[in-house]
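Once you've looked at the hints, dock chain D against the given chain B.
Single-letter residue listing:
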Amino acid sequence: MRPGRRAARIVAPLLLGVLALAGWEAAVAAWAIPPYVLPGPALVARTMVAEWPGLRDAMWVTLGITAMALAAAVFLGVALAVAFAQSPWIEDALFPYAVVLQVTPVVAIAPLVIIWTRNDVVMALLVCAWIVAFFPILSNTTIGLRSADRNLVDLFRLHRASRLQTLLRLGLPSALPYFFAGLRVSGGLALIGAVVAEFVAGTGGSASGLAYVILESGYRLQIPKMFAALALVSAIGIAIFLLLGLVAHLALRRWHETAGAGEDAGA
Amino acid sequence: MSAAPLVALRGVGKRFASGVRALEGLDLEVGAREFLGLLGPSGCGKSTALRLLAGLAEPTEGLVEWAEGARDAAPGEVGFVFQEPTLMPWASALANAMLPMRLAGVGRAEAKARAADALAAVGLAGFERAVPRELSGGMRMRVSIARALVTRPRILLMDEPFAALDEITRWKLNDDLLALWGAQRFTVVFVTHSVFESVYLAQRVVAMAARPGRAAGEVRLDEPAPREPGFRTSARYAAQCRAVSEMLAAATGEAIA
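Those protein sequence lines, which keep their order, are chains B and D.
Counting with my numbering, you get residues 1 to 267 for the letters of the first sequence.
Counting with my numbering, you get residues 1 to 257 for the letters of the second sequence.
Do not take every clue at face value.
[What the hints assert, rightly or not] Taking CB as the label site, the calculated pair distances span:
#1 R108(D) <-> N119(B): 51 to 57 Å
#2 G43(D) <-> P105(B): 48 to 54 Å
#3 V122(B) <-> E58(D): 55 to 61 Å
#4 A79(B) <-> R108(D): 23 to 29 Å
#5 G19(D) <-> P105(B): 45 to 51 Å
#6 A163(D) <-> I143(B): 28 to 34 Å
These are calculated hints, taken from the structure and not from any lab test.
Where a beta carbon is used, it is the ideal one built from N, C-alpha and C, also for glycine.
For reference, chain B alone in the conformation it holds in the complex:
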């Protein structure tokens, strides 16, 4: 990529953001919109600073649940994909249920999950966020494990490689680009799952996250605080997306096209 193009990719969205915020602030001032309908960005920023301790604690709760759900999604998604790759029987038996979990709205399952986790709220949120997050990792890793070069599979057979050798030296590395593509989707979904589950399950007490702050601010008409919490949810989402992209780039940059490293050597 040319340096000018790269700079444009950073500068253009920033410029647009600044312009939008300025327009928003100007519109709020010009039409004297009351803050309980639409607070200006400056007021939201001031509220963020004033309410920071509470917002920070809530952010950590949401971030913690998101991270744990994503970790569980990675672990179980990859483990299940590996099991699928070992036996078509396992895949045929389990895949429909994975799809059922995927297509059932988490809002509809959440009350059941809360009952089943015996009112352990953190566990309930975790399970809900995991349900939302795990499918892209499972399906992408499953496809990735099957995508190994046919000739390389033959080469491993020629040298009488064991199943474990073939999995570790061929299957998993081949699946890595697919896994990372799924991980990036799942990172965002884990956050959505954590927020939506908290809306449904409610928390309160010590372990309340950003969704609870948004709900509570709504009830109390503290709309600037609601916007501040919303901004933090977005910030977490963007941070997760960038972080996972960076991890994928570092892991794949030497060999995979999607990482966009240097030029090919050519003939």
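Chain D only, in chain B's frame:
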């Protein structure tokens, strides 16, 4: 062939699950240390024959017969080079060349040393740490050959390995392959659809005819390895090419273009 063959296909047939008959009644003997060219048009079953020799597929009729103890001793007795370099893109040239040793349970240090030797033998000393995307097409094919030779196989099976390379690179690799064969004296079965390449490389060229695939003729052409300088442009080379072309035309029942 005077001595007992290293491996022979005897009346081999191969029918795929789809019902397609790839091979029928194929008889082929490969002598120890021989360089055999397997020549034929696309779809004549050359690659299938090679896969049968490698044990990657089983014949539906007939036998694949190995000289005593030649195949079963160790998986490293057979080296295979595909049409594409078929390297692991995430692994360095060294790690790719080490693969057969590591799969056979050879320790890391020894595998590394032998892989480095194999890379040096194909002219890639100094490129051990490069990953495939950092190498040219010809260099990737060299890594593939190093990987096939790292176990010091008795037989090297090559499936149109240089077909995708440019002519200059192909000629260089032809010479380097002959030099390796001259030095290490392994057996080669080299599948190609190029008359010129088969004449340049092989001691004996077997032509295959299609539908169903079978051996349909052969020409013996003993040339010194490495080839004499200027062999490619010599009248002798042209005459050999003509002989093989005529044999191929007779075998496949088509006139020479």
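A quick look at each hint next to the structure:
| no. | hint | result |
| --- | --- | --- |
| 1 | R108(D) <-> N119(B): 51 to 57 Å | 53 Å, holds |
| 2 | G43(D) <-> P105(B): 48 to 54 Å | 53 Å, holds |
| 3 | V122(B) <-> E58(D): 55 to 61 Å | 56 Å, holds |
| 4 | A79(B) <-> R108(D): 23 to 29 Å | 28 Å, holds |
| 5 | G19(D) <-> P105(B): 45 to 51 Å | 48 Å, holds |
| 6 | A163(D) <-> I143(B): 28 to 34 Å | 30 Å, holds |
In terms of the numbered hints stated before, the structure departs from none.
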